[in-house]
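J.: As a plain string of letters, each chain reads:
4 protein chains.
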Amino acid sequence: MMPQLSDSSKKYTVSVIGASGYSGAELTRLLLRHPNVRLQELYAFSQAGKQVNDLYPSLSCGKSYLPYSGQQESDLYFLALPHGEALAHVPDLLRAGKTVIDLSGDFRLKSTLEHEEFYKQKKSPDAVMTYGMPELFRDRISQETSISNPGCFATSIILGLAPLFLGESGPIPLSAVNCTSVSGISGAGRSSKTELSYAEMSENVRAYKVGVHQHTPEIMQALGSSATTPSFDFTFTPMIGSLVRGIYSILNIRLGSPEKTETLKRIYKSFYRNAPFVRMRESMTEVRHVAYTNYCDIHIAQATETGSVVIVTAIDNLLKGAAGQAIQNMNIMLGLEETTGLLL
Amino acid sequence: MMPQLSDSSKKYTVSVIGASGYSGAELTRLLLRHPNVRLQELYAFSQAGKQVNDLYPSLSCGKSYLPYSGQQESDLYFLALPHGEALAHVPDLLRAGKTVIDLSGDFRLKSTLEHEEFYKQKKSPDAVMTYGMPELFRDRISQETSISNPGCFATSIILGLAPLFLGESGPIPLSAVNCTSVSGISGAGRSSKTELSYAEMSENVRAYKVGVHQHTPEIMQALGSSATTPSFDFTFTPMIGSLVRGIYSILNIRLGSPEKTETLKRIYKSFYRNAPFVRMRESMTEVRHVAYTNYCDIHIAQATETGSVVIVTAIDNLLKGAAGQAIQNMNIMLGLEETTGLLL
Amino acid sequence: MMPQLSDSSKKYTVSVIGASGYSGAELTRLLLRHPNVRLQELYAFSQAGKQVNDLYPSLSCGKSYLPYSGQQESDLYFLALPHGEALAHVPDLLRAGKTVIDLSGDFRLKSTLEHEEFYKQKKSPDAVMTYGMPELFRDRISQETSISNPGCFATSIILGLAPLFLGESGPIPLSAVNCTSVSGISGAGRSSKTELSYAEMSENVRAYKVGVHQHTPEIMQALGSSATTPSFDFTFTPMIGSLVRGIYSILNIRLGSPEKTETLKRIYKSFYRNAPFVRMRESMTEVRHVAYTNYCDIHIAQATETGSVVIVTAIDNLLKGAAGQAIQNMNIMLGLEETTGLLL
Amino acid sequence: MMPQLSDSSKKYTVSVIGASGYSGAELTRLLLRHPNVRLQELYAFSQAGKQVNDLYPSLSCGKSYLPYSGQQESDLYFLALPHGEALAHVPDLLRAGKTVIDLSGDFRLKSTLEHEEFYKQKKSPDAVMTYGMPELFRDRISQETSISNPGCFATSIILGLAPLFLGESGPIPLSAVNCTSVSGISGAGRSSKTELSYAEMSENVRAYKVGVHQHTPEIMQALGSSATTPSFDFTFTPMIGSLVRGIYSILNIRLGSPEKTETLKRIYKSFYRNAPFVRMRESMTEVRHVAYTNYCDIHIAQATETGSVVIVTAIDNLLKGAAGQAIQNMNIMLGLEETTGLLL
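Residue numbers (this note's numbering), protein chains in the order written: chain A, 208 to 551; chain B, 208 to 551; chain C, 208 to 551; chain D, 208 to 551.
Read the hints as simulated data drawn from the structure, not as lab findings. Fair warning: there could be bad hints in the mix.
Identical copies carry no separate label here, and so any pair may be met within one copy or between two of them.
Said to hold, decoys possible - With a straight-line cut-off of 20 Å between C-alpha atoms, the simulated SDA-like cross-links for lysine to any residue are: (1) Lys317 with Pro242; (2) Lys329 with Ser398; (3) Lys257 with Lys467; (4) Lys472 with Gly418; (5) Lys416 with Gly514; (6) Lys329 with Met491; (7) Lys416 with Glu469; (8) Lys329 with Val419; (9) Lys472 with Gly374; (10) Lys400 with Ser253; (11) Lys467 with Tyr479; (12) Lys416 with Thr511; (13) Lys257 with Glu402; (14) Lys467 with Met487; (15) Lys416 with Lys467; (16) Lys330 with Gly256; (17) Lys218 with Glu544; (18) Lys400 with Leu262; (19) Lys400 with Phe252; (20) Lys317 with Glu351; (21) Lys305 with Ala295; (22) Lys476 with Ser267; (23) Lys257 with Cys268; (24) Lys327 with Tyr263; (25) Lys467 with Thr401; (26) Lys329 with Glu545.
Excised from the complex, chain A in its bound form:
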């Protein structure tokens, strides 16, 4: 929280570093109409100098992308940079007393070992910030001036599992979790790779990074476990399919002892009773239910007599999985209503 800025009608000045990618564009869209924000600068690197309106005509924004060289004019900075690049800018911003929300993976993991194994990048042990998942850590977030915003797959999976691990009456014993997720292609960023071209990805589905995706340690850490010394068997198979936006996760859980569907629903509803963006769904959810929204829909699809549970979650990867959640964190940090500017 920025205590000096508690008046809900006040306008906070905000800039975005790395504004020209898909997450940055989505942040721009949300910030342009946020009632408590005055959007100042949009910084970019390869796209610096270009007009926002040329890259994203749907934004209809008169600004240009500026090169970033350490400017500090705003109250709050979002960083939407490729992994490894936020590290160079965050410390200076924090020293200058700025509020920072970083959308990369640079500050998510406490374990240097796991960071280096999964990101293949060096990391200093103190490059950690509070994990900005409001449904789990709202109180802590409200006390912070810097936040590491969760990954998109991680959001869809953690929200689907958290009530089992972090519920009031303690963790439900379980022995295995197998996650299979389909992501929209925008999750790969604004890209010029042949393998992400329309001609290759239309009418297609492809798994990738099976067992080695960098969101694995992030998921385990948020659930109070670890990717290197897991307390249960965990696999994660990410896929991309023929869609631009959305993540759809199928969570196969093996409980220590069976639970009835109704019991699980009660646990989940209680856990999310104060979460305005989590919707427990009685019927099956699907990607189009959450596309262009900040909701995470959760449906408990199966709970067998032998303890097998299937849970389905859906989010928009660019909103609840990135820019929307970042704004949600900003709202909490600034003492605003959590949903401000996010009920589309």
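Given the coordinates of chain A, assemble chains B, C and D onto it according to the supplied hints.
T.: Okay, now just chains B, C and D, sitting in the frame of chain A:
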């Protein structure tokens, strides 16, 4: 096998009952250019009277759909009817000495109990025919005059699991299998449901029938187990996504004791050494690799030290998952080369 | 204008009749967050009784669809009904002093002859309301209590041609206009037709109603001409393609004498100088530039020495082509800022 | 025709230069199963050294791409290279007595002026080969040993217009032709451009090169006119849409004097009476009718009393628009049945 028809240059007369759906159209396409077939009649019900060329202009076929009222002019009949409708026609055809390949679920399950639970339809105990999955039951198929052709999801899952259950050196002990599959929308048939319209299904993913899909008992039966008294924990979550053709299955397997990836590869390669349509892939497979082909691609994606295995399979649901496999069965039954007319 | 309601902070009560289709859902979305509106009732017919949230989970709206039997509780009514059905409700609403915006074709055409030829429905000569295209008729709209909202194709074509016909310095002589438009499939409404299923429309383009589309007379009327006695040669070829939202129109115009591109740009910019939702684009426009916005983008793509001109326009068919334009009309009628609630 | 090779059961040796792009892959697919062909080498440049099966797993072909350095081992060579690159290889092949079919634009245009204006590349006046459109120039093609294969847009437009220009009873007077075409994205080649990525092109339509597309002079030349001194007003607006394969062309024609639809149908049917791959359609055609086939479907959609005519054509851009037509030319040149290997 039809012993009277062993000459490989001979033309067999073939008709299709239920020819106007997507599987029927794909059968028509394949039969029109099969070197050992003379396609005689295309029978349909709601579409009877219409020209094939009007419903499927890409077929460029001069025939019309005829109503079926028990005609028996051909050597061999394919039935591509909705579940529950083949039952009325198959016995008469068999009595008349015809060769029959049925693409519905009517004759797949030995267990009346499981059939009635999963299909919600009555069934007599003797309505069972040999299960037409050539990679598992080629010899038996070659002796038969009637075959029940496998389901599309079932094909993609059984082929991905069979070497673990039916390999030469006996079954590999395992405790759980979680299957998650994305299917193309053509799997739902030629449909006028709002929920399958382009406006609802573009950029979408949706799970359905979680834990209750009718291919569940078929899969268990083919693997030597049972849906009602399973010997291991089994879940199956089918999804449809924004694609017309293809099934992509992620198989999460929990082995009794860990196996190395190389060991598994050896087991799979050995099992499929004579299977011309199964391709073991060293790198990740994807739907477009198999679209418009009769191949099933299998990739062993992960095998952990704790015994978790992730296997990925891909097929074209209308070919290896329906019409292509049916032609493959026909070739075997007629004593022809298994790949005849199927190397597209 | 409703003179009794001139205070811009006042909330007007609004209901929608025919709220369960795609245009109705888009109206609902816009009205729910419009700062000067209190959304009262959502009326539907075949979907009456269902919860909004079940049909459109992305709306996250607690309301249910009610059957409509003449209720008159609101200040203003939107009607988003199939053609021919608004006629039964509008007169009563007007008699009761309600403000009415009708999205159907029932009140668009002055010519009974043309209405009956193109809609194949009877019509009385007085079933005409002011044509709600703000860029052409803003002043008249601001004086009205009932408005007929334009068709989607018509909007994309009229806005691309109007400066040539209705510009300040009089019409530019021209001999022919050939319009070719690609529409998203949502333009066909929430549908259960096989020909609009995903399996039929993915990776497809199809023309339909060539020369007989009901927007033809609407276009000619707005331009001051007529479909039955046209003052220039006019053809219109509508198509649907593999997209949900958007209309992309290519307008081939044959001028009486050549004009330079720069002259045309000047004419268009002048004509639209006060139009907040028309954007003259220097570079090529495309559908994704306007999707999910109320903008109409116009690009003058070619102007040859022989007088051939090619103009390209893009809109979102559900917004500027339907619900967005309806809200724009409402704003003008209520004396609000034209863009209120529409800058997404 | 290669007179020395008239035996229809003989196998001709064939190689492809530039085999790794989409047209090259489609040629490979067709040649692998062509009954009169023995496919020898697949030459590539940036992809040289890679296995065919890695780039195109659906081909299931054991070959690797070889670098091309002037090899001349085959009877016949297809060149599927970017514009400007065939020029370096064709003369040597012709000198060595090889049969050559070039899919680029290098040898299509007689006018050096037009070539240099539209291709922005230098050209020598003798770099012209017979234009390989069998429906127009079958006899000439059958006498040739080298052929320039038509462009994809050009094919869809020329076939839709040719009967008006080149019919038996002489040209039908006309004053203007406006062509608007939607192409699948594979027409842009195997690409890594951001603007062709799935995230940018899903649910999109975009025009490009309006009035300056390089197929313009090719179309005019084939119709006996010229792009620089046209005998009628001609515009061409190419678009790409959200589909991989297919070209859909809307041809707006202004006749000198009106013709009845029936008269036009008679003219077209007569013109194409010996063309096995042109189908005159009584009802509307669409892309999926011709996808994965070598057909060109033509539908006469409108013919008004004032002489406006709308004709709709559909082809698969990779087949009739590239590789399929190239094989059709090969069949004619080799004295084989024109449809050999092309009835899919």
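J.: State the violated hints by number, sorted upward, taking the hints as numbered earlier in the document.
T.: Hints 1, 2, 3, 6, 16, 24, 25 and 26 not satisfied by this model.
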